[in-house]
Each structure stands twice: as structure tokens, then as C-alpha cells.
Amino acid sequence: MTNLLDPTSEQKSSKRLPLKRLNNLQKKTVGLLDISKPKGDFFLDRIANRLHEKGIGVRRFSKPTFTRVAPIELKNEIAASCDAVIEALAD
Amino acid sequence: MSLVVFLKQGCETCKLVAPILESFLKKNSAEILCQDGSSFSQGLEVREDLGLRRSWEASIEIVPTLISYGKDGKELDRIEGWNSEEWAEFLQIEIPEKMVKYKPGCGSDTLAPGMPEKLAAKYGDKVIKSRDISLAEHEDEIEACYSRGWSDGLPVVPPTKERVLRMLSGTTRHPQDIIGVIPPNLVECSVEKIAINAVLAGCLPQYLPVVIASVEAALQDEFCMHGLLATTYFSGPLIIVNGPIAREIGMNSQGNVLGQGNRANSTIGRALQLVIRNVGGGKPQEVDRSAFGTPGKVGFCFAEDEDGSYWEPLAQERGIAPGCSSVTLFAADGVQAIVDQKSRDPESLSRTFAAGLRSVGHPKLALASDAILVVSPEHERVFRLAGWTKADLKNRLGGLLIVSGEELVAGADGISEGLPLRFKSKQIPKFRDGGLLIVRAGGKAGMFSAIIAGWGASGKVGSAPVTRKIA
Chain A
0 MTNLLDPTSE QKSSKRLPLK RLNNLQKKTV GLLDISKPKG DFFLDRIANR
50 LHEKGIGVRR FSKPTFTRVA PIELKNEIAA SCDAVIEALA D
Chain B
0 MSLVVFLKQG CETCKLVAPI LESFLKKNSA EILCQDGSSF SQGLEVREDL
50 GLRRSWEASI EIVPTLISYG KDGKELDRIE GWNSEEWAEF LQIEIPEKMV
100 KYKPGCGSDT LAPGMPEKLA AKYGDKVIKS RDISLAEHED EIEACYSRGW
150 SDGLPVVPPT KERVLRMLSG TTRHPQDIIG VIPPNLVECS VEKIAINAVL
200 AGCLPQYLPV VIASVEAALQ DEFCMHGLLA TTYFSGPLII VNGPIAREIG
250 MNSQGNVLGQ GNRANSTIGR ALQLVIRNVG GGKPQEVDRS AFGTPGKVGF
300 CFAEDEDGSY WEPLAQERGI APGCSSVTLF AADGVQAIVD QKSRDPESLS
350 RTFAAGLRSV GHPKLALASD AILVVSPEHE RVFRLAGWTK ADLKNRLGGL
400 LIVSGEELVA GADGISEGLP LRFKSKQIPK FRDGGLLIVR AGGKAGMFSA
450 IIAGWGASGK VGSAPVTRKI A
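As they're listed, the protein sequences go chains A and B. Under numbering that gives the first Met the number 0, the first residue of the first sequence carries the number 0, and numbering increases by one thereafter. Under numbering that gives the first Met the number 0, the first residue of the second sequence carries the number 0, and numbering increases by one thereafter.
Note that these hints are calculated values from the structure, not bench results. In this text the structure is predicted, and so the values were computed from the model without any measurement. Any given hint could turn out to be false.
To list a few chain A residues with every Cβ distance to chain B over 10 Å, as calculated [stated by the list, open to error]:
# : residue
1 : GLY30
2 : ASP33
3 : PHE41
4 : ARG59
5 : PRO63
6 : PHE65
7 : ILE85
The calculated label-pair distances, taken between Cβ atoms and stated as ranges, are [unchecked claim]:
#  : chain 1 : residue 1 : chain 2 : residue 2 : range
8  : A       : LYS27     : B       : MET114    : 51 to 61 Å
9  : B       : PRO283    : A       : ASP44     : 39 to 49 Å
10 : A       : PHE41     : B       : GLN284    : 38 to 48 Å
With a straight-line cut-off of 25 Å between C-alpha atoms, the simulated DSS-like cross-links for lysine-lysine are [what the hints assert, rightly or not]:
#  : chain 1 : residue 1 : chain 2 : residue 2
11 : B       : LYS128    : A       : LYS11
12 : B       : LYS160    : A       : LYS11
13 : A       : LYS14     : B       : LYS128
14 : B       : LYS393    : B       : LYS459
15 : B       : LYS160    : A       : LYS14
16 : B       : LYS14     : B       : LYS25
17 : A       : LYS62     : A       : LYS74
18 : B       : LYS282    : A       : LYS11
19 : A       : LYS74     : A       : LYS36
20 : B       : LYS160    : B       : LYS121
21 : B       : LYS341    : B       : LYS443
22 : A       : LYS19     : B       : LYS282
23 : A       : LYS53     : A       : LYS26
24 : B       : LYS282    : A       : LYS14
25 : A       : LYS27     : A       : LYS62
A virtual CB, placed ideally from N, CA and C, is assigned to each residue, including glycine.
Excised from the complex, chain B in its bound form (with noise of 0.2 Å):
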């Protein structure tokens, strides 16, 4: 059996142990490792740890640390801190009756903060796999991010060893787990590569869950993430994430929920996206055909507000049970205004969510692009004081916005646009059957909802929202 000991030099407790480790090694031997010098202040012969590399081997937590290894090298036991009679036992030696019984030990240098993924870098089994980039002496960090193409034309932060593997510290997911394949290159996508451009995007390791989970939507047939790069169109991906790890990681849902300011909503959107341009390999002006594109696209991410709201959420509508998170996407574009300030019955303002509703896309287009209505809390009272569900405005809705197509067909009202002469005397909804989602989100003033028209080709023929659950 052998002995080896873990102390520091700043540390009170490794001092006061520092007497008894110099009698015992009169009689017997141990080797005493320090984190912190390779001399320590009471004479006892210590060896430097250098670069911590043995206390992370033997992941310590706390100095001192014992441990006791068998003739195989494998470890037999551990004690942590000072406790006279657990090291009585432990060293087989007696503990002078003055000595305090108990003091807690020193947090260990290899938990300092940064420390476990720099040593992880160092000294880890190479989970890594991604090729590294070596930049040149001078070369700026941001600027050889731009410069390699991996921007989506906002600084990235820079995907060191380290950053990369405090952000896989944020999942259980092995970072060689194939998530799917990344159109429009079609290539196996990693955990590994997921993580990699959540660092770029600006995410925190606690983010990486929902990027994950959003990845994986993404990728599900009926989102269409190739025909939704390659439009024309004006898409790209929306998430909403449902769930308590929107709460958890601080993501908003109130003022200026579709906006800027919050570091989940604008880097998680922005993770996805850059995925799809640096592992899918799709690029504006290459297979991202989009004529227009929209700011969102750079990456577009809210939270419903789910505390605010006596609705049920998006997600419990969408199959995905009380307390569980979710991301839905959503082939969106845009963000278009409905300004009511006057309505006060739930008639009157469905009347208005119709009428805006009505334009997504065009007036005279139907069955088209679905879309999402975000109702804001003084719309949502309305229903509320007037004991109406989110069902039952999703009905109304539904019935307000079954048009006659003698209003739809081309050149009615004189605009050419508009469906074949066929539909003229049928009645056509706007929204095909679940094309239209309603969350609650957004600041407690302001008598205004907002409509995120969807790509012109949905449902079996582009692109269906996807709901899935965070694993």
C-alpha cells in the first residue's frame, strides 16, 4: 500500500496538519504533493505539484487530501480535511488530545475558477476531435474568426480548447453523439460541433441543452431546414422555448421580447444558425437563396411567458407535458404590428388579430404560410376578463378568417395575384389546420400584439412548426 498526500501552502488547515504528517513519515513513508511550492512553511518535505497535473489525476477536490493506493495502483481510500479520528484511523497513528477534532480543508487549486477546463485541455483523454487552427503570432482572435468565414458578420467569440469544453460541461450528451445531418452539405453534426458554435454565437454552457434540442428540430423531416436556407422566401428559423429552463436560464418573455438585450434569447437563435452556415455549410447568396432575408435571421429566440399568462402554453397545446421544457421552430419571418388600443370585448379584438392576419403573405393568398400571433398581456386580459381560452380565440379566429374566394381568386379587387379561378366560389381558410399558433409574451403596457408571418410554403409542402422536448 502507498500514501499520497494533497496539501497547499495558503491553506490553515494543511498547516495544522503539517506536524502530524512529519511524525508519521518518521516511521513510515507518503508522499506529500503541494499545489501551491515546493516548499512548505513548517519544513515538511513537500513535492510541487507541477501544473496540478496530479491532483486533477486523482480529482481533488479539498486539501488536504489522503489517499491510499493498493499494489495495483488502484485506490483504495480518501480522507478529506482534518478530522482527528477519521486520521487516526486512516495513518493507524494517535492524535494528540489538545488538537481540535475538526476543520474543514481548502478548496483545491484545480476548482479554481476556469481551472477545470484548462487542466481538462492539458491533461484530458482527447474527447476533442475537431481539427485546431493555429493562428498566426500577431493574428487577432476575432479577426481570423471573420476572416475563416465563420461569422455571420457579428464578432464571434473565439472557440478555444477551453471554451469548448466548459460549454460541453453544460450536457450529459458525449460530444462525439451524432445530433443528424446538417443541410444543405448534408453532414453528421456532433455534439462536439453544436458546442463549438454555441461558443462562436456568444452562449453559456446552460444554454446548450435548448441549442441541442433546437438542432435536433431543426433536422426533423417536416421542419424542411433545407427548403427553408434555399428559398427564395424571407425565413430562417424561430425558437420558443416553453418549460422552466427559460426561467432557469434567464431567458425573457416580457419587455421587448423580440428584441435585443437578453444574452439566451440572442445567442441560442444565433448558435442554431451558425451551425447550419459553418458545419451545413449554408451561406447567403450561395444555396441561402433568400432575396430579402430578415434581421432575424442572424438568429431569432424568445420565451413564451408562461408565469404572466392564465393560457395554456404553446407547448401543453403542442403535446409536451406541465414541467418539461421545449423549443418549438418555426419557419418565420418577420415582425408585423397590431396596434388596438380600443377594444375591450374579445369580438372586437379577434376582429383586429383577423384583419392583421389576413395580409400574411398577401390579402388574397390563403392555405399559404401558417403564422404565430403573439398576444401581449393587456390583449391577453381582454379574453381573460371575458373567460375566453386560447382555444376559443383560435376558433374565432378560425371562422373570421375563412374568406370568399371570389375575394381571393387572380384579379379580383384588380390585382392580379391571387388562387386559380377554380376556388371562386368556395370558402377558404387563411390558415391551413394548424397553421396558426398564439403564445403570450411581451412588456405589461402596450395594447399591441405582433404577427411572425411564416415561410409561403407550409404544412406537406414546406416547412411545419416542431415541437421538441429538452432532454
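In isolation and in its complexed conformation, chain A is listed as follows (with noise of 0.2 Å):
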């Protein structure tokens, strides 16, 4: 395991910190990544239905396979398109 000295002040956590959560979904957009595990589009179409009920937008992704990371095509345009993205882990 690699060991590094803080260049910083040492004023925050060392830990990363995940980014800032949104307060509320209105006016945003929402990414559902499917991650191509079986079920995971049960999961994300009750999700869809719950979001489009509140007028909330919804845009819909899937990964070629759940075996590999996600294209780095995908990944820039869901960054792009929405404020957030749930991940769809079923089997």
C-alpha cells in the first residue's frame, strides 16, 4: 500500500468526499443506468413511473454489459444530459 504526505493545510477530511447531493429533483433531470443485470428494468421502469409522477425529467441508459465498466461514450453523455443518475444493481 502507497503512503502520501498532504500537500494541503490539512483543514479538511483526507477522505474523498462523494459530490455535493442535490436538495430536491425539481427542474432536474434524472439518468437511470441499467446496468444490464437481469430484473434491473423492473426496478428502474417503477422508478421511471415514481419520477414521472412528480414532473420530474427522466432519461433512460443502459451499459452494453454489467460485466465491464460503462463506455466512457455513456458515461460523458449522461454527465452531460443529467443532474443525477441512480444505478440499477438488481438480479
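Could you fit the two chains together into a complex? Lean on the hints.
Structural data, given as C-alpha cells:
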């Protein structure tokens, strides 16, 4: 395991923080990423319906295969068109 | 009294002394430590110096080394290599006549390249106080630095403890010496934090004194680093290095002097900017509000070409004694070219320079930005042949850059930008007193010079150049 020395003023946690969460989803677009595992669409269809009911924009995406990380083009497309993303891990 | 001997199997001198030690051990006792194994070719009983801990603690430089210790464990005396008279006296033994009288030892494994830092990191006192960041098992070191926000956008050198200790070997300053308070977060900055950021930037240890002096200069009140960082203007800190250190660390002062390709030029300025970013917390689109920035904000540093110039170097103009090394910090924008391939007399060339300098910031603004005029060898030659000193050029430019207020006031020439109407009947210098610096640098061929314009807020209302001796 590699250890590095902190070059900062050490006023923040040394742990990487997740991106800032959204306060609400009004006027936002949520991406639903199907990782291509069986029945993932089941879960995402329900989520999509619930979001539609609330008037929240939804865009659907799917990975070619759950065995590999998402292709860069797909990641870029999600990052450029969505404010948040929900990934279906269901089996 | 006790005796410890340090040997190496791979050392011919150690093999030579092995029979002497064997014979000595028949009637006496000594601890024999071997740096590279637990057996010795001639059957001498040795103990392996595991991980070189004992050798490092005893500061062994040569094998064989014999050290005698008193009852209190303090070292009394040591001898290195093979010298029959010394050994005879040290061990109080007789040395056979047939033996060679003298044979130098071999270098200790503790001094192998990279080893001193490794051993210091492993066994040394904890002089390093920065917290350790443990990476995950498969985490890429360089990506880890990016994801933690330590980079200016280019790859950085991961700051391992060994690299930081090696960097610190470039200065005699104590790692915990406080250099000053770094804006914008006003955090105390130690030599150690500067060293870590110098590692990130790609500096060699011998650059560290230049980086430290640059940080010290940037923190002088008159340099106004906080304002320079926070301005919407283009500028960032430029470092000009004068004196022997520029040559010693191989800085570029000639062809492509303001460009890429030289490690010292490229990394020293970057180290200063990384200190501001990482220690001070100054980041673009946060406290750094620059509308455009400038490519030099990654790091901007060069040396004046003192050897090739007949003019007085910038540092001496600014009070540094000849033979001393120094940095001069300037709040700099980008580089503007001045082309003049026809002037062969100093008056004509001065007029070209003045015409170019008029446009700094805006041709209708005055007493706002400072500027640096970087004069190339071919342009300097014109002044040299006419016997003009740097001061002569500066005086002439001062005269040429006094502009009638009528041309400068708002509305003049159909341009709303300009000075308030009250200046209309006045004669106004383009630059404040001391606001125009001249340095000599650049490649041998090319009748060009360069203007490095300064931040729109200069002197007492903004930043003034600061020169500081390199300790």
C-alpha cells in the first residue's frame, strides 16, 4: 500500500468526499442507468414512473454488459445530460 | 568498552581484514555486522545488519568501519578502511608484516542511490509532520493526486515520504520552520509543506531554496498575493532568478526562455502556484476569480541572461550584491511580442519599445499596470554598440512614455475607456515610478523583444515587484 504526504493545510478530511447531493429534483433530469443485469429494468421502470408522476425529467441508459465498466461515451452522455443518476444493481 | 565492526561480503577490503578479525576474536569480543548477508566468505562469524538499521544509526559511510563504544554506549572512536598502523593501534594487536599497509574501503550500502531517504523514512526521527494519506490497494498514485484536488491539471509527482525527505535535503532549513501565512485561507506554511508541493511540481532538491525564497517573496505585503490570486484580471506570480544559482541548477535564460523545456524553469514557478493552491486553498473559479487567467499561471519562472549581457542585472539594480542569488517576483500577465528588425540606433529602438509598451492594459490607461521589458541579445546589441546602459534606456523610455492627458481621457479618440477628464491638461507617465523593469534574456537570433505586462493594480493599490535574496 502506498502512503503519500498531504500537501494541503489539512483543514479538510483526508477522505475523498462524494459529490454534493442535490437538495431536490425539481427541474432536474435524472438518468436511470440499467447495468444490464436481469430484472434491473423492472426496478428502473418503477422508479421512472414515480419520477414521471412528480414531473421530474428522466432519461434512460443502459450499459452493454454488467461485467465491464460503462464506456466513456456513455459516461460522458450521462454527465452532460443529467443532474443525477440512479443505477440499478438488481438481479 | 565494546567494539562493533561493519562489513560487506562484496567488499575486497573487508575480505582482506577478515583473518585479522578472526584472530582478534580468539581472545577478545566484538560484534561483527554484515550489511549484505549473514555469512562471510572466509568463515568469519557475522550477524546480518537487517534492513541496514544499525549501519544507518551509526552513520556508516565506508566498510569496513570499526567503532569503539564506552560503557555509557557513547561512541569513543572509529576507523574506516584498512590502514595497518591504525588497526594495530585501535585493536592493540600486531599486524603481520606481509600484509599490505593500506587499502581503502568500499561505500556503505546505506549510501546507495535513493537509500539515505528510504532509511531516514524508516528509522529517522519523525521530523515529518504532515499526515499520511493511505491509498487503496489498486489505486493509481497519480490519479489519486488528481482525485484529491492536488493538481493544477497536469500530472504531479506523488509525494511519498522518501521523495519529500530527498527534497528536504536541498535546504538547511528545519522542516517545521514557518515561512509565512499563505492566502487565501491564511494558513501557516512550513518548509515541509513547501517541500511536498515542490515534489508535486517535479522540482529537484537543489531547486528548493529558490522555491522557498519565492514563497517568502510572494508573502511580502507589497506583493499582495491575496489580491493577485483573487483578482478578475489575468495575472499570476512570475519569478525571475538572478545570480549564480541560476547556472548551478541549469536554468534557461536563452533560447525559448519564456517557453517550455527546462525542468527548473517549468517546475519552480509551478511549485509556488501549488503552494498557493494546496496550502492556501486558492483555486480557479473559487477564490481565484480570474476571468481568463494566463498560461503562465501553471508556473512562470525564468533566469536573466547575466553572462551574455553587458547591462547591470535586475537583481543588482534592486539592491542585491553581485555574486548573490535572488528571486524577483512580479504580478505578470502573458507575453506580448515586439518586432523590430530594422532599428540600428538606440533612439529608433527605444521608440519601438515605447510604442509597444503604450498598449499595456490599454493604450489610454496610465499608472495602472507595471511591465517588464525582456530585451533580446540582438536588440541589446544595438544599445551596447551605442554605449547605452540599461539606465539610459529606462530614462529614454520614461521620456517617450509621457503622454498628453488630452489623448488619454475618457472619450478621446472615440473610445469611452480612459482617464478622468481632470487629467486632460496634464502630462502623464504610462508607468508609475519604478513600474518598468528591464531584463536581458532570450535566444541569440531574432530581433524581437518581449513585454510581460503586469496586473492592472500596481504599487500601493495592488502589487509591487519584490526581490529577495536566496538563503
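Results for each hint:
Distance check on A:GLY30: its Cβ is at least 22 Å (rounded) from any Cβ of chain B, clearing the 10 Å threshold; non-interface status holds. At the 10 Å boundary, the C-beta of A:ASP33 stays outside the reach of chain B, the nearest C-beta of that chain being 27 Å off. With a closest Cβ-Cβ approach of about 33 Å to chain B, A:PHE41 is found to remain outside the 10 Å limit, as its non-interface label requires. Look at A:ARG59: its CB is around 29 Å from the nearest CB on chain B, clear of 10 Å, so calling it non-interface holds up.
Every CB of chain B is more than 10 Å from the CB of A:PRO63 (nearest about 23 Å), matching its label as outside the interface. For A:PHE65, the non-interface assignment is confirmed: its Cβ lies about 20 Å from the closest Cβ of chain B, beyond the 10 Å cut-off. A:ILE85, annotated as away from the interface, keeps every beta carbon of chain B farther than 10 Å; the closest lies near 23 Å. A:LYS27 and B:MET114 have their C-beta atoms about 56 Å apart, which keeps the hinted 51 to 61 Å range intact.
In this structure the supplied range 39 to 49 Å holds for B:PRO283 paired with A:ASP44, their Cβ-Cβ distance being about 42 Å. Our hint of 38 to 48 Å for A:PHE41 and B:GLN284 holds, since their Cβ atoms are close to 42 Å apart. Restraint check for B:LYS128 and A:LYS11: satisfied, since their Cα atoms lie roughly 16 Å apart, inside the 25 Å limit. For a cut-off of 25 Å, the pair hint linking B:LYS160 to A:LYS11 stands: about 20 Å separates their Cα positions.
Between A:LYS14 and B:LYS128 the alpha-carbon distance is near 18 Å, which keeps this suggested pair within the 25 Å criterion. For the hint linking B:LYS393 to B:LYS459, the alpha-carbon distance of about 22 Å falls within 25 Å, and the restraint holds. Taken as a hint, the B:LYS160 and A:LYS14 pair is honoured in the structure, with Cα atoms around 19 Å apart against an allowance of 25 Å. Of the pairs offered as hints, the one joining B:LYS14 and B:LYS25 holds, with about 18 Å between alpha carbons and a cut-off of 25 Å not exceeded.
As the CA atoms of A:LYS62 and A:LYS74 are separated by approximately 10 Å, the hinted pair is consistent with the 25 Å bound. A C-alpha spacing of about 15 Å is found between B:LYS282 and A:LYS11, which places the hinted pair at or below 25 Å, so the restraint holds. Proximity of A:LYS74 to A:LYS36 is assessed by CA-CA distance (about 18 Å); at most 25 Å being required, the pair is judged to hold. At roughly 9 Å between alpha-carbon atoms, B:LYS160 and B:LYS121 fall within 25 Å of each other, so this suggested pair holds.
Distance restraint check for B:LYS341 and B:LYS443: the Cα-Cα separation of roughly 17 Å lies within the 25 Å cut-off, and the hinted pair is therefore satisfied. Restraint check: the Cα-Cα separation between A:LYS19 and B:LYS282 comes to about 18 Å, which is no more than 25 Å; the hinted pair holds. Between A:LYS53 and A:LYS26 the alpha-carbon distance is near 10 Å, which keeps this suggested pair within the 25 Å criterion. Restraint check for B:LYS282 and A:LYS14: satisfied, since their Cα atoms lie roughly 19 Å apart, inside the 25 Å limit.
The straight-line distance between the Cα atoms of A:LYS27 and A:LYS62 is roughly 22 Å, inside the 25 Å bound, and the hint therefore holds.
When each numbered hint is compared with the structure, no violation occurs for any of them.
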